[in-house]
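Since the structure of chain A is provided, determine the placement of chain B on it from the hints.
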Amino acid sequence: MALLEIRNVTRRFGSYTAVDNVTVTIEAGEFFTLLGPSGCGKTTLLRMIAGFDLPDSGQILLDGKDVVGTPPEKRPVHTVFQTYALFPHMTVADNIAFPLKMAGKALPEIKARVSEALDGVRLSDFRGRFPHELSGGQKQRVALARGLVNRPRLLLLDEPLGALDAKLREEMQIELINLQKEVGITFVFVTHAQNEALALSHRIAVMNRGSVEQIDEPSKIYGFPENRFVADFVGKISMMSARVLESTPSHLKLEVSGLGEVVTVGKEGVKAGDNGLVAIRPEQVRISHASDEPQLKNHFLGKVHDFLYVGDVTTYIVELSNGAYIEALLPNSAPGRAKFYDVGDAVAVSWRHDAGIFLHE
Amino acid sequence: MKRNNTWLWSAAALVYAFLYIPLAIVVVYSFNDSRLNAEWVGFTLSWYKALFNNAEMLTAAGNSLIIALSASFSATVLGTMAGLAIHRYNLKVLPVLVFTPVAMPEILLGVSLLLFFLQVLNLTLGMVSIIIAHTTFCIGFVAIIVRARLQDMDESLFEAARDLGASPWQTFRLVTLPLIMPAVVAGALMSFTLSIDDFVITFFTKGVGEPILPIQIYTMIKVAVTPEVNAISTLLMLLTLVMIIIAAKLDAHASSRDAKTSS
Numbered sequence: 024m025a026l027l028e029i030r031n032v033t034r035r036f037g038s039y040t041a042v043d044n045v046t047v048t049i050e051a052g053e054f055f056t057l058l059g060p061s062g063c064g065k066t067t068l069l070r071m072i073a074g075f076d077l078p079d080s081g082q083i084l085l086d087g088k089d090v091v092g093t094p095p096e097k098r099p100v101h102t103v104f105q106t107y108a109l110f111p112h113m114t115v116a117d118n119i120a121f122p123l124k125m126a127g128k129a130l131p132e133i134k135a136r137v138s139e140a141l142d143g144v145r146l147s148d149f150r151g152r153f154p155h156e157l158s159g160g161q162k163q164r165v166a167l168a169r170g171l172v173n174r175p176r177l178l179l180l181d182e183p184l185g186a187l188d189a190k191l192r193e194e195m196q197i198e199l200i201n202l203q204k205e206v207g208i209t210f211v212f213v214t215h216a217q218n219e220a221l222a223l224s225h226r227i228a229v230m231n232r233g234s235v236e237q238i239d240e241p242s243k244i245y246g247f248p249e250n251r252f253v254a255d256f257v258g259k260i261s262m263m264s265a266r267v268l269e270s271t272p273s274h275l276k277l278e279v280s281g282l283g284e285v286v287t288v289g290k291e292g293v294k295a296g297d298n299g300l301v302a303i304r305p306e307q308v309r310i311s312h313a314s315d316e317p318q319l320k321n322h323f324l325g326k327v328h329d330f331l332y333v334g335d336v337t338t339y340i341v342e343l344s345n346g347a348y349i350e351a352l353l354p355n356s357a358p359g360r361a362k363f364y365d366v367g368d369a370v371a372v373s374w375r376h377d378a379g380i381f382l383h384e
Numbered sequence: 077m078k079r080n081n082t083w084l085w086s087a088a089a090l091v092y093a094f095l096y097i098p099l100a101i102v103v104v105y106s107f108n109d110s111r112l113n114a115e116w117v118g119f120t121l122s123w124y125k126a127l128f129n130n131a132e133m134l135t136a137a138g139n140s141l142i143i144a145l146s147a148s149f150s151a152t153v154l155g156t157m158a159g160l161a162i163h164r165y166n167l168k169v170l171p172v173l174v175f176t177p178v179a180m181p182e183i184l185l186g187v188s189l190l191l192f193f194l195q196v197l198n199l200t201l202g203m204v205s206i207i208i209a210h211t212t213f214c215i216g217f218v219a220i221i222v223r224a225r226l227q228d229m230d231e232s233l234f235e236a237a238r239d240l241g242a243s244p245w246q247t248f249r250l251v252t253l254p255l256i257m258p259a260v261v262a263g264a265l266m267s268f269t270l271s272i273d274d275f276v277i278t279f280f281t282k283g284v285g286e287p288i289l290p291i292q293i294y295t296m297i298k299v300a301v302t303p304e305v306n307a308i309s310t311l312l313m314l315l316t317l318v319m320i321i322i323a324a325k326l327d328a329h330a331s332s333r334d335a336k337t338s339s
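Protein sequences, first through last, are from chains A and B. Using my numbering, read the first sequence as starting at 24 and increasing by one per residue. Using my numbering, read the second sequence as starting at 77 and increasing by one per residue.
With the rest of the complex left out, here is chain A (with noise of 0.2 angstroms):
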């Protein structure tokens, strides 16, 4: 039996529908995400799954029994808010302590557990502190071992890393992941950050006006995204108008107009005659000079339009015959070079066929 259920949830807001009609089923020990743009809905359902609104229609089942009736201290859900919300007049420890107090349980036990959350976290000298008193990255890490102290079978996460600079941000994914592993609960996370999402995640759930619109796990996510929505909200990809000539099980010719025809993988559902795009990620297109020899089927000529130097990688923008533009990323894997191409240059662009894939409109 699935940990949580949330079966055809919906909730208006006036005329304005907040989440639409969404179904999950969430496993129990899955690090699960919602990803989506802020407005998407991710942060409404979330506070139905914690109780804090409730859905207009639908039901939200939690180990099998339906939970919408249920007041939030009821629920073996706790939440890590965005702004962490720990308790300001009170000390880490009580901080920590707070849920353990709530459910009741005997002074022993609660000094035991706190003092082994904060082991947990790496917080054991921060106990007396108070919650001002600590650093951000420390602040969220009371607000995880709080929320962790009196294992629920839920932790939700709204956005917590979102206060936190970027390389903060980066240690807390990898403390995050190995906290999950380590503790065993199912962490329900909602982000608005594809990378965190595809970092952190079993499983993404990618949420757009209200609806789902891919529940998948990151690879499949990044690398077979349903939708034009998915495909343009995880990662960057470049996109072209295409028509299907002929379709069979194991590829796709299609027509692309003023370029010529381009091959991606079969994939259901497709026929010949269908209007769509042909989606391809910049570090699946290969760049060459416009004299070298054809080694892919899809090989088509053009020119560096513009380029883009980051360290790592540079991303070579190239303005195909058609007048359509497709990045292609090249690692700087050479010390000191960052640039193969100059603005102008006639280069030829490349993918395999496996590597684009077909979208309908």
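Keep in mind that the hints were calculated from the coordinates and are not lab data. Certain hints may be false.
What the hints assert, rightly or not - Pairs of lysine to any residue, SDA-like flavour, derived with a Cα cap of 25 angstroms:
hint: 1; chain 1: B; residue 1: K168; chain 2: A; residue 2: R35
hint: 2; chain 1: A; residue 1: K97; chain 2: B; residue 2: K168
hint: 3; chain 1: A; residue 1: K124; chain 2: B; residue 2: T252
hint: 4; chain 1: A; residue 1: K128; chain 2: B; residue 2: E235
hint: 5; chain 1: A; residue 1: K128; chain 2: B; residue 2: Y124
hint: 6; chain 1: A; residue 1: K124; chain 2: B; residue 2: K168
hint: 7; chain 1: A; residue 1: K128; chain 2: B; residue 2: F234
hint: 8; chain 1: A; residue 1: K88; chain 2: B; residue 2: S243
hint: 9; chain 1: A; residue 1: K128; chain 2: B; residue 2: S243
hint: 10; chain 1: A; residue 1: K97; chain 2: B; residue 2: P244
hint: 11; chain 1: A; residue 1: K134; chain 2: B; residue 2: R249
Just chain B, lined up with the frame of chain A:
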């Protein structure tokens, strides 16, 4: 720029002089060894001694203290509840109704309370009517202060308490109340200072019985401004000042602590 600063400082100095010179004169003359408020003769504490031997003055002060304590207590309880309700339910009309007495002319409030006590409640005017009247105009101040504090606070603190297993009542007792406590205390102190020196509303609602401090002072002044009046005014001023400073400190301290917590 320099010139502007000079102007600004002069203006500020003028304002402060305007506000505090009359008060300073009262304080200075309360220690003056002369019956007349005309020239400085020498330092004495005899007016304070005389004050503490004036039975009627002491009764008046005692009555005022009882009124101020009772009124500030009930206004604090009711005002805190009003502030919480206004914030919690995001009310639109009630806040206006609660805050209006703060801005309403006192004489209007005095007259209407008098009519209300006599004609609606059939109450004999005395300590009780004064306490009710003072509570009425203090509630608004407490509600404003408490609500302002709540508005400054991160709403997720209260959600976090519920989320971590606290019932609504536990959330109030363990999280909400401790966090708004500085505002509650500030509201109580504010109410106390407003009540203890209120003249107009007290005058309308006191009836003929007990002497009340501000009115007692007024009665004494009608005969002549004696140094005794200066002495009691100085004491009153001191009390008020201490209360206001405590109230301001409490609120500022708590605000800075909480601002740092959620960043």
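Consistency of the hints with the structure:
Our distance criterion of 25 angstroms between C-alpha atoms is met by K168 (chain B) and R35 (chain A), whose separation comes to about 23 angstroms. For the suggested pair K97 (chain A) and K168 (chain B), the alpha carbons sit about 32 angstroms apart, so the restraint of at most 25 angstroms is broken. For the given pair, K124 (chain A) sits about 17 angstroms from T252 (chain B) by alpha-carbon distance, which is consistent with the 25 angstroms threshold. In summary, the hint linking K128 (chain A) to E235 (chain B) is supported, as the alpha carbons are separated by about 21 angstroms, within the 25 angstroms threshold.
Restraint check for K128 (chain A) and Y124 (chain B): not satisfied, since their Cα atoms lie roughly 59 angstroms apart, outside the 25 angstroms limit. Under the criterion of a C-alpha separation no larger than 25 angstroms, the hint pairing K124 (chain A) with K168 (chain B) is inconsistent with the structure, at around 37 angstroms. Between K128 (chain A) and F234 (chain B) the alpha-carbon distance is near 22 angstroms, which keeps this suggested pair within the 25 angstroms criterion. Simply put, K88 (chain A) and S243 (chain B) have alpha-carbon atoms about 21 angstroms apart, close enough for the 25 angstroms limit, and the pair holds.
Under the criterion of a C-alpha separation no larger than 25 angstroms, the hint pairing K128 (chain A) with S243 (chain B) is consistent with the structure, at around 16 angstroms. Pair hint K97 (chain A) plus P244 (chain B) holds up; C-alpha atoms about 12 angstroms apart against a cutoff of 25 angstroms. Note on K134 (chain A) and R249 (chain B): the hinted pairing holds, with a Cα-Cα distance of about 22 angstroms set against a maximum of 25 angstroms.
The structure fails to meet hints 2, 5 and 6 from the earlier list, while all remaining hints are met.
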